[in-house]
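Novice: Chains as they are written, first to last, in our numbering: chain A, 8 to 273; chain B, 8 to 273; chain C, 74 to 376; chain D, 74 to 376.
Keep in mind the hints are simulated off the structure, nothing from the lab. A portion of the hints provided could be inaccurate.
Unchecked claim - Distance condition first, Cα-Cα at most 25 Å in a straight line; then the derived DSS-like pairs of lysine-lysine:
id, chain 1, residue 1, chain 2, residue 2
1, D, Lys153, D, Lys233
2, B, Lys31, C, Lys161
3, B, Lys53, A, Lys105
4, C, Lys344, A, Lys105
5, D, Lys279, A, Lys220
6, B, Lys53, B, Lys42
7, B, Lys105, A, Lys53
8, B, Lys253, C, Lys153
Bear in mind that the values here come from a model prediction, so they are computed numbers and not experimental data.
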Amino acid sequence: MKCNGGSPGDCFRAVGEKGTIKMKKSIFTILSNRKLAKNTYEMVLKGDVSAIKRPGQFINIALDGFYLRRPISVCDWDKDSATIIYKVVGKGTEYMSKLSEGAELEVLSGLGNGYDTEESGVNPLLIGGGSGIPPLYALAKELIAQGKKPTVILGFNSKDEVFYKDEFSALGARVLITTADGSLGIKGFATDAFESAGDYTYTYACGPEPMLKAVYNTSVTDGQYSFEQRMGCGFGACMGCVCRTKYGYKRICREGPVLVKEEIVW
Amino acid sequence: MKCNGGSPGDCFRAVGEKGTIKMKKSIFTILSNRKLAKNTYEMVLKGDVSAIKRPGQFINIALDGFYLRRPISVCDWDKDSATIIYKVVGKGTEYMSKLSEGAELEVLSGLGNGYDTEESGVNPLLIGGGSGIPPLYALAKELIAQGKKPTVILGFNSKDEVFYKDEFSALGARVLITTADGSLGIKGFATDAFESAGDYTYTYACGPEPMLKAVYNTSVTDGQYSFEQRMGCGFGACMGCVCRTKYGYKRICREGPVLVKEEIVW
Amino acid sequence: MVDTRVNLSGVILSNPIIPASGTFGFGYEFAEIYDINILGSISIKGTTRELRFGNEQPRIAETPCGMLNAIGLQNPGIDKVISEELPKLRKVFKKPIIANISGFSIDEYVYCCELIGKEEQVEIIEVNISCPNVKEGGMSFGTLPENAAEVTRAVKAVAKKPVYMKLSPNVRDIAEIAAACEEAGADGISLINTLTGMRINLNNMKPVLNNITGGLSGPAVFPVALRMVWEVYEAVSIPIIGMGGVSTAEDVIEMMLAGATAVSVGAANIKDPYASKNIVESLPDLMNKLGINKLEDIIGGAH
Amino acid sequence: MVDTRVNLSGVILSNPIIPASGTFGFGYEFAEIYDINILGSISIKGTTRELRFGNEQPRIAETPCGMLNAIGLQNPGIDKVISEELPKLRKVFKKPIIANISGFSIDEYVYCCELIGKEEQVEIIEVNISCPNVKEGGMSFGTLPENAAEVTRAVKAVAKKPVYMKLSPNVRDIAEIAAACEEAGADGISLINTLTGMRINLNNMKPVLNNITGGLSGPAVFPVALRMVWEVYEAVSIPIIGMGGVSTAEDVIEMMLAGATAVSVGAANIKDPYASKNIVESLPDLMNKLGINKLEDIIGGAH
Ligand SMILES: Cc1cc2nc3c(=O)[nH]c(=O)nc-3n(C[C@H](O)[C@H](O)[C@H](O)COP(=O)(O)OP(=O)(O)OC[C@H]3O[C@@H](n4cnc5c(N)ncnc54)[C@H](O)[C@@H]3O)c2cc1C
Ligand SMILES: Cc1cc2nc3c(=O)[nH]c(=O)nc-3n(C[C@H](O)[C@H](O)[C@H](O)COP(=O)(O)OP(=O)(O)OC[C@H]3O[C@@H](n4cnc5c(N)ncnc54)[C@H](O)[C@@H]3O)c2cc1C
Ligand SMILES: Cc1cc2nc3c(=O)[nH]c(=O)nc-3n(C[C@H](O)[C@H](O)[C@H](O)COP(=O)(O)O)c2cc1C
Ligand SMILES: Cc1cc2nc3c(=O)[nH]c(=O)nc-3n(C[C@H](O)[C@H](O)[C@H](O)COP(=O)(O)O)c2cc1C
Ligand code: FES
Ligand code: FES
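Take the sequences, apply the hints, and build the full model.
Specialist: Encoded structure:
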């Protein structure tokens, strides 16, 4: 993933789906909605996933009684369903956690640029913190399908928040767990597992901004970093999510959420 | 039903449930919701009906996505369910018409004074127009249970809007139908059936204001008239529904919706 | 045990929740469905010198996340409020009462404030300056700082209780008006009254309200109310009763963080008669969750 | 077949629906999801003399039935708008374009209006006077009639296209400001811009928006917008572009009955990218249902 300077839109076109939004608005039906860990839920949605092209893209979910949609990364998808994992942090995600199987959600899918797997090399390092972990699952899956050998560092606060450890392992990835309180795996932050991770060819990261920054400073390779931002539209119309990069202003919802290391401005 | 002068509240206490609101807030479950006639639906609700004491009272229904409740008269009730009949006239009633069996509604029940059957005499005349008809059903039922012989005039615009003709007959009431276009029964307005109705001892009316006024002018007996008004709270707090009467200002939601003929000011 | 007490000009409320004027009648009717003594206070329906019928019907319209009202200050007049309504309320309510006063002239405000201030039960007078100012040609007293200050000075000269000026949000700069009231001697500021709005009925293609326009309230106005409380907090040092769209304990905390000492709940009572009760009851849990021990400590905390 | 055409100062729109400035980017991106030529017009993102990044993050907050934004007029600057954005839009959009102009000084307004007015595609200039007036100490040009008139006169002196002044709702008397603009030569009035509001984040107890306050829009403000359109219609005889919370064809009819000749759709596009399309498509059916043949006939019909 190379990013050239230029105005918003240009960059997207250079790296994304060649200038055409694949965004789709459609109804998804909840196949399951289960608690994975403390405040953390996994929801499987059945519907038209044709707009979802890359790991790291997100969907934007309309919820009854809430004016704005809720952006959530795609954790995994197959031909007619998509899985998301979300943390209950406010009223919207709380509402989501109470939805039952069979309920319908109006969703915009296929949003954001997503991760590019081309430059990963053979031993990419994937680092996720908390609710930033989900998109790394589809990424690890794709990398493994390409014959690469990813190492995955999953950072949590505490053991009771840990999820998808076994799922990542089942994909064939090497998995390292960190917890801030030391209740599981390596005690400390995700970056504290860099040493145990050994050599790596490329860095993929997703998580809260302080974690991204720590990874940015620790990592010795190029990489791609996925950012969160409060969003209005989620598809590029409102300029609500714009951040500065070395190559101009970018909409996290469209030229992002994934930025390449070289363009990031803290 | 006698009404003395005085400030709002006094009147209510004199004729109603002796000063105690029987209002209840509770959840009702939809047992059925079926189309009866053009734009007209009947909904049966299961729940705590203990607050419903008299025909002519109403319930106030909260609907998701609508700020204010929708006031609808109780058409009939038994020990654990209540029936309402409503006409689709706007977004709220349209939403109601799409609700399915099993859906839950948050309802305030036991609102309004309701009809008093004490002074009806043996041959009361009940006159209802369109969506003003439903409360007359429970009223006719109660009058018949008291051994009285009500005649019921049901006024509609057209045959395709007619509902509950057989239901009223099945109670044992004498039923006269009028339609504005003459497609069923007597051609004309409800008041055009007065002649066919013959002698009567008392008048109960419910329907749009022009109809109430016509009944008021045609009827030769005392009577009780049920009014509609745009409501805020529906239980007496906001003064949104207040009308002038000969004995002071009255809240249609509390000292009404039923007013006695002698107090009405047009 | 968290401490929910707040202090309005020396009047201690056991908690900051006050049903807003005009949305709770004269209070006693709610006593029939729950014990209203759990409330911090009650602001009773706005009172004028004479009995008023108010506006013709319809007076109510629905809006997205809110409602319009054009009641037109229906009330039995101050004499009857004192002789009938206050005693009825006092029988069932032992907490401080806030008397809400309206007027169409300075004289009327003065008359009402003087009379109502003598009532022992009344501990605060809330002066609603959002009603039309007849002398100045229909704009309300509350939309220009000079007028607001003039009413404040006049009522302060006679009022025996703390006076809270209740401001209209239909202004360019609410902080300026609040500051003028403080300067003129106000003991506190209540805000906001309703935003002027309207709806049109598509069936007859005429305004829904007989009065054409009405006052918008409910959750829709909450962000505007919060901003105005924030601005007024920066401009004055007297206590603020914040209101406008408050419907949950979370909203109460936001209002207090913006600068409110107490919080009125209006339209929410109309939507749900138990709204104020629910807010009072969920406040301690929310305080625990957010780590707030003493509610008073968070007033203005977001500045 | 119903007739949905409307006439804005001689510019005929095939229907009154105009995505509002700032909520539709520069339009062309929506062409990727539907044929935007079904729209009456498009009001492009507000443009200033220089490129602007706008405010720091976060810029967006949610509210009941609405949203707050504090974008801060991010835009690529007028030169780039003319050289890059307008040509891109023109490629996919054959209808009249409304250019929305902002400024922090009268000079800047004049500069932008003169330049953009030369662009053939631009058929109306919408002058947003809701941005802070730096000279007068931060209040916006649109909150005092004198200032609004001054901007109007200045831009009218150079503009080659009809000029619509876009008013702020954060005022005491919007009719007065509209009348001052008309008097100063405005060809039309656009209203409303956003109502100033705020939210506080309970987790960190600080304002959600980095800018502290933001502009409230969405259905929550519809009744206020409708009332202001009504008032301005009574005060001026130039056309009005009505906006504020419009989300359905019903809302469009209400706006037009209140006095709008055309209607802008803002936040609704942000909530749902197909919102403007849905409104355009449902308008004829609604007109049939309400018995409206010629949409123009209902403008101001509720007065
Ligand atoms: C591209 C992207 C991908 C995301 N993927 C995931 C994911 O896979 N799993 C997950 O748990 N969370 C994810 N998030 C964060 C998630 O969107 C928020 O946690 C969620 O919107 C909070 O909603 P709420 O109503 O519970 O919280 P509230 O705080 O009540 O939300 C109020 C408003 O703030 C916005 N908001 C609050 N927090 C955030 C945030 N961190 N980022 C963006 N907007 C926010 C909401 O969307 C809403 O508009 C993602 C965010 C972005 C931008
Ligand atoms: C005491 C009482 C009893 C009623 N009983 C019945 C009944 O048994 N069956 C029936 O079909 N209708 C009845 N109505 C009328 C019914 O309440 C309205 O038709 C309904 O609220 C319209 O809602 P809407 O959302 O479809 O219409 P909208 O026009 O979209 O409603 C918008 C607002 O206007 C109010 N409103 C609109 N029309 C009326 C009206 N006529 N009366 C009061 N408020 C109105 C609504 O409650 C809502 O707040 C009764 C009204 C009252 C006051
Ligand atoms: C039906 C109704 C009647 C009101 N009457 C009064 C009144 O008499 N005096 C007054 O100062 N405010 C009155 N208000 C304004 C409220 O007290 C409050 O300031 C406003 O509604 C904003 O709060 P809310 O959004 O919680 O309703 C009234 C509001 C409503 C909805
Ligand atoms: C994200 C966003 C950006 C906006 N940017 C502009 C702008 O650049 N210029 C302008 O005149 N109005 C701008 N507005 C105001 C809208 O054009 C419109 O006046 C307002 O949002 C009310 O309409 P609505 O409720 O339909 O959104 C913006 C609104 C939003 C929500
Ligand atoms: S959220 Fe609207 S542009 Fe990104
Ligand atoms: S509707 Fe509130 S008093 Fe009747």
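Novice: Of the hints stated earlier, which fail here?
Specialist: Going through the list in order, the structure violates no hint and respects every one.
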